[in-house]
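**Q** The chain contents come next:
Protein chains: 2
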Amino acid sequence: MIQTPYLLFLGDAPDQLAAKVAQGIKDWRPDNAVGQFRMEGCNADLGLKDMDLAKAKAAGARTLVIGVANRGGVISQAWKKVLVQALEEGFDLASGLHNLLRDEPDLLAVAEACGQTLHDVRVPEVDYPIANGKRRTGKRVLAVGTDCSVGKMYTALALDAAMKKRGMASSFRATGQTGILITGDGVPLDAVVADFMAGSIEWLTPDNDPDHWDIIEGQGSLFHVSYSGVTLALIHGGQPDALILSHEPTRAHMRGLPEYDLPTLEALRDTALPLARVANPGCEVVGISINTHHMGAAEAERYLKETEDRMGLPTVDPFRQGADRLAEALASL
Amino acid sequence: MIQTPYLLFLGDAPDQLAAKVAQGIKDWRPDNAVGQFRMEGCNADLGLKDMDLAKAKAAGARTLVIGVANRGGVISQAWKKVLVQALEEGFDLASGLHNLLRDEPDLLAVAEACGQTLHDVRVPEVDYPIANGKRRTGKRVLAVGTDCSVGKMYTALALDAAMKKRGMASSFRATGQTGILITGDGVPLDAVVADFMAGSIEWLTPDNDPDHWDIIEGQGSLFHVSYSGVTLALIHGGQPDALILSHEPTRAHMRGLPEYDLPTLEALRDTALPLARVANPGCEVVGISINTHHMGAAEAERYLKETEDRMGLPTVDPFRQGADRLAEALASL
Numbered sequence: 001m002i003q004t005p006y007l008l009f010l011g012d013a014p015d016q017l018a019a020k021v022a023q024g025i026k027d028w029r030p031d032n033a034v035g036q037f038r039m040e041g042c043n044a045d046l047g048l049k050d051m052d053l054a055k056a057k058a059a060g061a062r063t064l065v066i067g068v069a070n071r072g073g074v075i076s077q078a079w080k081k082v083l084v085q086a087l088e089e090g091f092d093l094a095s096g097l098h099n100l101l102r103d104e105p106d107l108l109a110v111a112e113a114c115g116q117t118l119h120d121v122r123v124p125e126v127d128y129p130i131a132n133g134k135r136r137t138g139k140r141v142l143a144v145g146t147d148c149s150v151g152k153m154y155t156a157l158a159l160d161a162a163m164k165k166r167g168m169a170s171s172f173r174a175t176g177q178t179g180i181l182i183t184g185d186g187v188p189l190d191a192v193v194a195d196f197m198a199g200s201i202e203w204l205t206p207d208n209d210p211d212h213w214d215i216i217e218g219q220g221s222l223f224h225v226s227y228s229g230v231t232l233a234l235i236h237g238g239q240p241d242a243l244i245l246s247h248e249p250t251r252a253h254m255r256g257l258p259e260y261d262l263p264t265l266e267a268l269r270d271t272a273l274p275l276a277r278v279a280n281p282g283c284e285v286v287g288i289s290i291n292t293h294h295m296g297a298a299e300a301e302r303y304l305k306e307t308e309d310r311m312g313l314p315t316v317d318p319f320r321q322g323a324d325r326l327a328e329a330l331a332s333l
Numbered sequence: 001m002i003q004t005p006y007l008l009f010l011g012d013a014p015d016q017l018a019a020k021v022a023q024g025i026k027d028w029r030p031d032n033a034v035g036q037f038r039m040e041g042c043n044a045d046l047g048l049k050d051m052d053l054a055k056a057k058a059a060g061a062r063t064l065v066i067g068v069a070n071r072g073g074v075i076s077q078a079w080k081k082v083l084v085q086a087l088e089e090g091f092d093l094a095s096g097l098h099n100l101l102r103d104e105p106d107l108l109a110v111a112e113a114c115g116q117t118l119h120d121v122r123v124p125e126v127d128y129p130i131a132n133g134k135r136r137t138g139k140r141v142l143a144v145g146t147d148c149s150v151g152k153m154y155t156a157l158a159l160d161a162a163m164k165k166r167g168m169a170s171s172f173r174a175t176g177q178t179g180i181l182i183t184g185d186g187v188p189l190d191a192v193v194a195d196f197m198a199g200s201i202e203w204l205t206p207d208n209d210p211d212h213w214d215i216i217e218g219q220g221s222l223f224h225v226s227y228s229g230v231t232l233a234l235i236h237g238g239q240p241d242a243l244i245l246s247h248e249p250t251r252a253h254m255r256g257l258p259e260y261d262l263p264t265l266e267a268l269r270d271t272a273l274p275l276a277r278v279a280n281p282g283c284e285v286v287g288i289s290i291n292t293h294h295m296g297a298a299e300a301e302r303y304l305k306e307t308e309d310r311m312g313l314p315t316v317d318p319f320r321q322g323a324d325r326l327a328e329a330l331a332s333l
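Protein chains in written order, with my numbering: chain H, 1 to 333; chain R, 1 to 333.
What the hints contain is simulated information worked out from the structure, not anything from laboratory work. It is possible that part of the hints are untrue.
Repeated chains share a single entry, so a pair holds when one copy, or any two copies, can fit it.
As the list claims (entries may be wrong) - In silico SDA-like cross-links for lysine to any residue, where the CA-CA straight-line distance does not exceed 20 Å: (1) Lys134 / Asp261; (2) Lys134 / Ala297; (3) Lys80 / Asp241; (4) Lys57 / Ser171; (5) Lys134 / Gly256; (6) Lys134 / Pro258; (7) Lys164 / Leu333; (8) Lys49 / Glu266; (9) Lys134 / Arg255; (10) Lys134 / His253; (11) Lys134 / Glu259; (12) Lys134 / Val74; (13) Lys134 / Leu257.
Chain H with its partners taken away, still in its complex shape (with noise of 0.2 Å):
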């Protein structure tokens, strides 16, 4: 767990994109982030306060954030000035960098003299069980998809947003490095001992209020064989009540695999929810997103009708629509 709110490093990105994950944090937890803290050179702006790190502790931020893809995987010696100081002025360090901060002495040092705690989010912290597949209290939706990276995470926190709008009781669960740097917890799944993948979901979605709905975000695809064993485990320790499909339709092949074709929506559909009830047999396909962010907006209305027509079934992008139709479905199952 992440001690919350955050100041986002935004050290010297050289631009807007290399800061995404400052901005999924901006944009879905606007209350975690007090302020930005940007070096010379920085070319990312997230609209929100600089502050350098006395500024953001007066502030009563608790975290820096790493929000920011560095240059050549490596930690470099400027940012270092500023990590090792925020851990003298009491901060703890929160990265998804592939270069952890575990194994840099320097951190490690200061951190250990400081009584701070480095949190590298893609290295598991938890010692998970196995699953045991019993059912839990509370209701739980999760999005597959026709492939990776194509829309998932987006939509679990589009739909925890509408579904918080309308009064519902939900909890955006956290799969990956940015998700889990977005909420401050979770669990990093591409990272888990095999064995251990369905138990670490079951821990991540314990029993829950009756009405409550945790929101658990996807990964990879039953249909990409790279990652498909880690989508199962996702399905299967999640025992989802719901299901949505996500997909990107412009996409000429699988993410990474030029010889494999995407599935289509049915496929996916016929595939994913006779597996999905061997841990729930009451479990729903109810709605459908798509990432229409690579076609015109005429392009997408008509992809989305047709596909909505086509389906039987919600179908929207959250990105340019919201989720509301999605929360709206969940609400009436």
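Once you've looked at the hints, dock chain R against the given chain H.
**A** Then chain R, alone, in the frame of chain H:
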């Protein structure tokens, strides 16, 4: 890769069942077993020559394999004396125990001093790649089960023996600790990090001669919610040309999951085959292996015939009948 042949360490095994790893090595790779080492109080006997370390060394043994489940999860002082001496005499040690050899400071220190290797086969020793899904040359067969522990490893080993007897080119590819100790090599799949599961199986079953068969040891079950993700990674990483369905007919519920019924063989076929065809569109179900251990001879025969008629596939109990008919089915593929 564990150096063969082995001296099989039975320690103070309370009964024959406790020595089942050693029994598996002796049954399936008799050439790997030059002798057995029994301590006072050992009640197991593999029918191999009893040897002390010097005799085994002279007979060519290179690794002392702990072929016995230890009591209480601790490597006892009585064992230690033998293990330390073995290292000093130039043996490597290999073990599938939960408590690792490398976590014993004395064994670690002596192994380092003597330049010998400690193999804990529960722990991956390779940095596996992420799966790339590219089609590989050679052929592959995988047993998938209605449940865990229904005889998939036994089926694979029996099939390997039957294929070799027919003069077919085949390799048993171990994916669990017992299989790894039997053959000296393999992937401890349940201990691999999620993102690398499918890649580890691609690594295990690389390009091969067009008529060579990799017989991949199955794990878990698509219907076992604790481990289904491991099974799907095996199917997509292995990209099998042929599946064998494995079943144990007398089981009242899924192993360790009292609330879960076993699926039918039809459900297993209809779930596993479409998923396998994502990675290998030519995949076929070629046969069925039934574990009739808990049935009388007549009942078993009836069950096998009824299943064969119903499913239209060669159906055998490899323990009672061998796997010749499964090998035949593969030969005609």
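**Q** Take the hints in turn and mark each one as holding or not.
**A** Tested hints:
In the homo-oligomer, the alpha carbons of Lys134 and Asp261 lie at most 20 Å apart only across protomers (13 Å), although the nearest pairing inside one protomer, at 36 Å, exceeds that limit. Within a single copy, Lys134 and Ala297 get their C-alpha atoms no closer than 45 Å, and across copies no closer than 36 Å, so neither meets the 20 Å cut-off. For the homomeric pair Lys80 and Asp241, neither the shortest alpha-carbon distance inside one copy (46 Å) nor that between copies (52 Å) is at most 20 Å. When the C-alpha separation of Lys57 and Ser171 is checked against a cutoff of 20 Å, the pair qualifies neither within a copy, at 28 Å, nor between copies, at 62 Å.
Proximity of Lys134 to Gly256 under the C-alpha cut-off of 20 Å is restricted to the inter-copy arrangement: shortest distance 11 Å between copies versus 36 Å within a copy. For a Cα distance limit of 20 Å, the shortest separation of Lys134 from Pro258 across copies, 9 Å, qualifies, whereas the shortest one inside one copy, 39 Å, does not. Taking identical chains as interchangeable, the C-alpha atoms of Lys164 and Leu333 lie at most 20 Å apart only when both belong to the same chain, with a minimum of 16 Å there against 56 Å between chains. For the homomeric pair Lys49 and Glu266, neither the shortest alpha-carbon distance inside one copy (47 Å) nor that between copies (61 Å) is at most 20 Å.
Proximity of Lys134 to Arg255 under the C-alpha cut-off of 20 Å is restricted to the inter-copy arrangement: shortest distance 13 Å between copies versus 34 Å within a copy. For the homomeric pair Lys134 and His253, the shortest alpha-carbon distance between copies (14 Å) is at most 20 Å, but the shortest distance inside one copy (37 Å) is not. Only between protomers do Lys134 and Glu259 lie at most 20 Å apart by alpha-carbon distance; the minimum there is 7 Å, versus 39 Å within a single protomer. In this homomeric assembly, Lys134 and Val74 never come within 20 Å of each other (Cα to Cα): the closest approach is 44 Å inside a single copy and 31 Å across copies.
With identical chains, the CA atoms of Lys134 and Leu257 are at most 20 Å apart between copies only, with a shortest distance of 8 Å across copies and 36 Å within one.
The structure fails hints 2, 3, 4, 8, 12 (numbered hints given earlier, in ascending order).
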